[in-house]
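Going down the list, the protein sequences come from chains A and B.
Just so we're aligned: 232 in our numbering is position 29 of the first sequence, and the numbers increase by one with no gaps anywhere.
Just so we're aligned: 16 in our numbering is position 14 of the second sequence, and the numbers increase by one with no gaps anywhere.
Just so you know, the hints here were simulated from the structure itself, not pulled from any lab data.
C-beta: ideal position from N, C-alpha, C; glycine also.
Treat the hints with care, as some may be off.
[Said to hold, decoys possible] Far from chain A by the CB rule (all over 12 Å, computed), these chain B residues:
id	residue
1	Gln8
2	Ser52
3	Leu84
[Said to hold, decoys possible] Below, a sample of chain B positions facing chain A; criterion: calculated Cβ distance under 8 Å:
id	residue
4	Trp9
5	Asn34
6	Ala42
7	Leu49
8	Tyr51
9	Ile55
10	Ala103
11	Gly106
12	Gln107
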Amino acid sequence: EDQVTQSPEALRLQEGESSSLNCSYTVSGLRGLFWYRQDPGKGPEFLFTLYSAGEEKEKERLKATLTKKESFLHITAPKPEDSATYLCAVQARGSNYKLTFGKGTLLTVNP
Amino acid sequence: SQTIHQWPATLVQPVGSPLSLECTVEGTSNPNLYWYRQAAGRGLQLLFYSVGIGQISSEVPQNLSASRPQDRQFILSSKKLLLSDSGFYLCAWGGSWNTEAFFGQGTRLTVV
């Protein structure tokens with residue numbers, strides 16, 4: 204069974220204080236690993252897809268990296284508007300494109 | 003560009019009442035469609051997915067059902083709601099040519 208574990212559950216940063224979120228996964232043949240951002244009361248917003256170990260993707264202050272067992276979402280010099288829950292999901296080959304999600308990391312960036 | 007619409011945004015229903023949540027996608031054809039539920043403190047749980055009209059796969063045995071009467075329409079239903087059906091319901095679509103899923107804005111269902 205595919206599993207995704209995200210840590211920490213919650214992270215509080217000061218504006219400008221860089222950090223990383225972790226996503227550990229177990230999947231029988233990875234098709235893709237996905238990062239989403241979710242604001243309170245809203246649907247998840249797609250950020251990145253990573254397909255193979257060593258791959259990196261960047262968007263503004265966010266950079267996602269992938270190894271064979273985990274993914275990191277690096278946040279550089281965060282701003283208060285980066286506060287949200289960040290979700291990680293995996294998709295296995297032969298899964299009809301279904302996503303298995305972790306519980307998320309609640310990020311709070313204080314001004 | 004593709005867009006996904008989901009309604010209503012919030013819903014309060016009594017126990018034992020029926021449910022119908024609707025989701026439509028614009029700007030694409032033959033999408034894969036999904037219903038997820040998000041409960042407090044838990045990750046998103048896949049409820050149903052559909053790869054075509056009339057083709058529904060259920061992931062979790064429960065009090066809910068899904069239907070896909072048209073290519074870009076996905077409906078989540080229940081004949082009699084339970085208290086445990088409360089949660090945040092999310093519809094999503096994905097293309098058959100890629101892997102990403104894109105979510106609607108969700109429906110907050112409270113069963114009282």
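Taking the least C-beta to C-beta distance, is Trp9 (chain B) closer than 8 Å to chain A? violated (12 Å)
Just checking, Gln8 (chain B) versus chain A, shortest CB gap more than 12 Å? Gln8 (chain B) is in fact no farther than 12 Å from some Cβ atom of chain A, at 8 Å.
Please verify that hint: Ile55 (chain B), Cβ, nearest Cβ of chain A, below 8 Å or not. violated (16 Å)
Does Ala103 (chain B) pass the interface check with chain A, least Cβ-Cβ distance below 8 Å? Given a least distance of 6 Å, the restraint on Ala103 (chain B) holds.
When the least beta-carbon distance from Leu49 (chain B) to chain A is tested against 8 Å, hint result: At 11 Å from the nearest chain A Cβ, Leu49 (chain B) fails the 8 Å test, so the hint is violated.
Closest C-beta approach of Gln107 (chain B) to chain A relative to 8 Å, hint status: With a minimum Cβ separation of about 5 Å from chain A (threshold 8 Å), the hint on Gln107 (chain B) holds.
Given Asn34 (chain B) was flagged as interface, is its beta-carbon under 8 Å from a beta-carbon of chain A? holds (5 Å)
For Leu84 (chain B), is the shortest CB-to-CB distance to chain A above 12 Å, so the non-interface label stands? holds (23 Å)
Just to be careful: measuring from the Cβ of Tyr51 (chain B) to every Cβ in chain A, is the smallest value less than 8 Å? With a minimum Cβ separation of about 6 Å from chain A (threshold 8 Å), the hint on Tyr51 (chain B) holds.
Hint validation: Gly106 (chain B) versus chain A, beta carbon distance must be below 8 Å. Holds or violated? holds (5 Å)
Once the shortest beta carbon distance from Ala42 (chain B) to chain A is found, is it less than 8 Å? Where the cut-off is 8 Å and the nearest Cβ of chain A is about 10 Å from Ala42 (chain B), the hint is violated.
Minimum Cβ separation between Ser52 (chain B) and chain A greater than 12 Å? For Ser52 (chain B), whose nearest Cβ neighbour in chain A is about 10 Å away, the distance does not exceed 12 Å, so it is violated.
In summary, the numbered hints that this structure violates are 1, 2, 4, 6, 7, 9.
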